[in-house]
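In order, the protein sequence lines correspond to chains A and B.
Note that the numbering used here has the first sequence beginning at 45, numbered continuously upward.
Note that the numbering used here has the second sequence beginning at 133, numbered continuously upward.
One or more of the hints may lead you astray.
Stated by the list, open to error - In silico SDA-like links for lysine to any residue, alpha-carbon gap of 25 angstroms or less: (1) B:Lys428 x A:Lys184; (2) B:Lys336 x A:Arg330; (3) A:Lys184 x A:Arg230; (4) B:Lys428 x A:Asp438; (5) B:Lys428 x A:Arg345; (6) B:Lys379 x A:Asn435; (7) B:Lys428 x A:Arg230; (8) B:Lys189 x A:Arg330; (9) B:Lys275 x A:Pro350; (10) B:Lys275 x A:Arg345.
Claimed, not checked - Calculated from the model, a selection of chain B residues having no Cβ within reach of chain A, i.e. all distances over 12 angstroms: (11) Lys242; (12) Ala274; (13) Glu280.
Bear in mind the hints are in silico, worked out from the structure with no lab data behind them.
Ideal Cβ placement from N, Cα and C applies to all residues, glycine included.
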Amino acid sequence: MIDRRRLMHRGLMLWGLQAGLGASSAAQAQAPTQSRSAGLSVLLLTPGTDGRLERSRLERALPWQASGDLADAVALGLKDLERPLQQAGVRVDLVVERVEDGPRAAERVAALTSAAASTGRRPFLVLSDLPGAWLSSVVKASAVPVINVSEPGDAWRHGQCAPTLWHTVPSERMRADALAQALVARRWTKVLLLVPKEGEADRIDTVQGALQRYGLKRVESRAWRLSADPRERDLAHPALLTRGDYDAVWVIDGDGEFGQQLPYRTQLPRPVVGDAGLMAVAWSPRFDRFGAPQVSRRLLRQAGRPLGSVDWGGWIAGRIAASVATGLGMAGSIDAARVQQALRELEVDGSKGVALSFRPWDGQLRQPMLLTDGQAVVDLVPGEGVLHPRNRLDTLGTDAPEQRCPRSRT
Amino acid sequence: MTRSSPVDVTPSPRRRSHRLSVGLGLFLSVGICASVAQGQTPPLPTLQGVVLVSSEKDHALTVIDLASTSVVGSIPTCKRPRHLQRLGARQVVVACGDSNLADVIDLDRKASVRRFPLGESPEIFDVSADGKTLYVSNEEDAKVSAIEVSTGKLMASIRVGEEPEGLLLSRDGKRIYVASEVANQVQVIDVASRKVIQDIPVGKRPRRFVQSPDGREVWVSHELDASVSVIDTQRLAVTGTVRFELKGARRSDITPVGMVMSPDGKTVFVGLGQANHVAFVDTASRSVRATVLVGKRAWGVSLDRKAATLAVVNGLSDDLTFVDVASARALKSVRVGRVPHSALFIEEAP
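Just chain A, same shape as in the assembly (with noise of 0.2 angstroms):
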């Protein structure tokens, strides 16, 4: 188990999963001897300073931020597996590596990655808990493929992307598209957009852009900002802002504070969606199909909180490396090549009905999203009803034709 103390002190922590050895059967995995096994390692880059995890901020307790230390559910995801890597002989280390900032960040990648580094602890892949502004700088510092488990930005997925990138956590796009499709599920397609009078201008555009894509109709948008000053109550009043004819309020807020105070204080008696009220997430501790109450409950009892919306990515991407790893096997070999070509044809399950995949073309983990208002799991999304000529998963999110990744990744 991780001692997560040392883990919030340390800069450099190594935890071995208990993985045992090439042993065929588990009589003899039970007691197992090192020497047999090949030793892989996974690079976790987090930052030093994380503002996500502010006692304010975690007391907000929104289902699509983060509620605790990422290193904790790529552990999981990693332990999860454990057996099918004791039967390759395979033993994998999780290194936490904690970084104040984007450049020291690439240093510290191009340092462990690069084949110089001593073969021993040579990260065969390198999974990032990074802000996307560091994240280029750190794809092109590392050897061997990346794979983002929490930073949304659509930019990393169209435009800025890298052949060696991935990512399992869900971008902004598939979060608004999963809501505008319940939207027009529901015909709740008058919408009125509530959006930050400073910042969010991506995340606002790419609500937009679902908006227009599920022919939604955008009523008005409005600007808010977090004041009590009486000049300013057209931008702070939630029923002053919310005068007019809609069927449903959007609301952008990244933070949180204001989003939270919206839903029941609108003037007509509507829905409030979005970053607040009705929310799509990856996933929530209130999911109860395909065996999803086991695997948040597992973390409650490793780390004393059950897997939420962002801890989703990072275990998954657990399970990813646990399961390239598998494939890697006794040689051990970090060649970048196959790792590459591992997560390229990667089916993983991740607890959501479906076997997941990464696109090829924007490097996202194609999955289903929940919507929530926090209580209850409202809806799976894509529901009944939503066509895609290849697959319905790919409804959410850039699809193939829309490709703007200057690079290829096959």
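Once you've looked at the hints, dock chain B against the given chain A.
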């Protein structure tokens, strides 16, 4: 149900009609069978010629009369009943996932007579031929527990892969097969030594098992691979795989879970989950002979002794579809409890 309602099988226009999924154009109404409070329930008929159906959210077994194929009552049991099996001549054991209990239902008394612990989150179980030992998968703890039926005492606990689900005791009682949903493996346990002797890699999300009458083959269903695989019980390795295809359904919509093999070993019936069909697989050629449309998320599959009628439990439409095996046609869908899990035929006289 907020109000306890007496069991009523008389068709009534006020009740919601339930359309047959086979499209025969027939409508039928069945009584809503809730977990009614004891004492207000009309007496159950003798439990012969019936099917018992567990429903995860009703904490009760629905009783369907085979002659009339309609619900005749229900038996209260522990919380979240799932798998159920015969125990000796006149008892049935139900494993309850939320109560963590086995509930022993006496068929003559038509009620629970005894309960004993099964460990955390029991899922699927099997009982030894002498009825003395019950082996159960505990999905939360990644364990298989061996429990003495007479005392409820935990005899052994064997660590297996994460989220163990399907469990099967071999006909000779020497081995246990367990499917780890998360590790995509089948663990083979030697009963005598209580040790895992083999991890067999199988397809994605292995769920349930059936074994051939001669004990040479064990079949395992893969929920996320649209397939079932055949394990050779001598070599403890996969020797064949049957992949399902269905017109109008994508591979990802075909999610096989429940299975049953005909007593002659010639056919395996497989519930195809979200594809809403049950498949008839010919074991000799390992090919699909027929597929029959049933209800939503066709899940548990059971067969009567003559292998004439199949009962398919539909997890997402809260009903059970009877299928005629000879003609490969759905006969009737009967509304049961909420989130039905498994069905068990009780045919003989007491």
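Would you check the hint for Lys428 of chain B and Asp438 of chain A, treating anything up to 25 angstroms between C-alpha atoms as holding?
Holds. Lys428 of chain B to Asp438 of chain A sits at ~24 angstroms (cutoff 25 angstroms).
Would the least Cβ to Cβ distance between Lys242 of chain B and chain A come out above 12 angstroms?
Since the minimum Cβ distance to chain A is about 31 angstroms, Lys242 of chain B lies beyond 12 angstroms and the statement holds.
Going straight from one Cα to the other, do Lys275 of chain B and Pro350 of chain A come out at no more than 25 angstroms?
21 angstroms, holds
Can we trust that Ala274 of chain B is non-interface, i.e. its beta-carbon lies farther than 12 angstroms from all of chain A?
9 angstroms, violated
Proposed proximity, Arg330 of chain A with Lys336 of chain B (alpha carbon, max 25 angstroms)
24 angstroms, holds
Going straight from one Cα to the other, do Lys428 of chain B and Arg230 of chain A come out at no more than 25 angstroms?
Distance ~22 angstroms between Lys428 of chain B and Arg230 of chain A Cα, so the pair holds.
Is it true that the CA of Lys275 of chain B sits at most 25 angstroms from the CA of Arg345 of chain A?
Distance ~16 angstroms between Lys275 of chain B and Arg345 of chain A Cα, so the pair holds.
Is it true that the CA of Lys379 of chain B sits at most 25 angstroms from the CA of Asn435 of chain A?
Between Lys379 of chain B and Asn435 of chain A the Cα gap is close to 16 angstroms, so the pair holds against 25 angstroms.
Does the claim that Glu280 of chain B lies outside the interface with chain A hold up, using a Cβ gap greater than 12 angstroms?
Given that every Cβ of chain A is farther than 12 angstroms from that of Glu280 of chain B, nearest at about 24 angstroms, it holds.
Does the structure keep Lys184 of chain A and Arg230 of chain A at a Cα separation of 25 angstroms or less?
Answer violated: Lys184 of chain A to Arg230 of chain A is near 44 angstroms, above 25 angstroms.
Just to be careful, I want the Cα atoms of Lys428 of chain B and Arg345 of chain A compared with a cutoff of 25 angstroms; is the pair within it?
Given pair Lys428 of chain B, Arg345 of chain A is violated - Cα atoms ~34 angstroms apart, limit 25 angstroms.
Given pair status - Lys184 of chain A, Lys428 of chain B, alpha carbons within 25 angstroms
48 angstroms, violated
Checked against the numbered hints listed earlier, the structure breaks hints 1, 3, 5 and 12; every other hint is satisfied.
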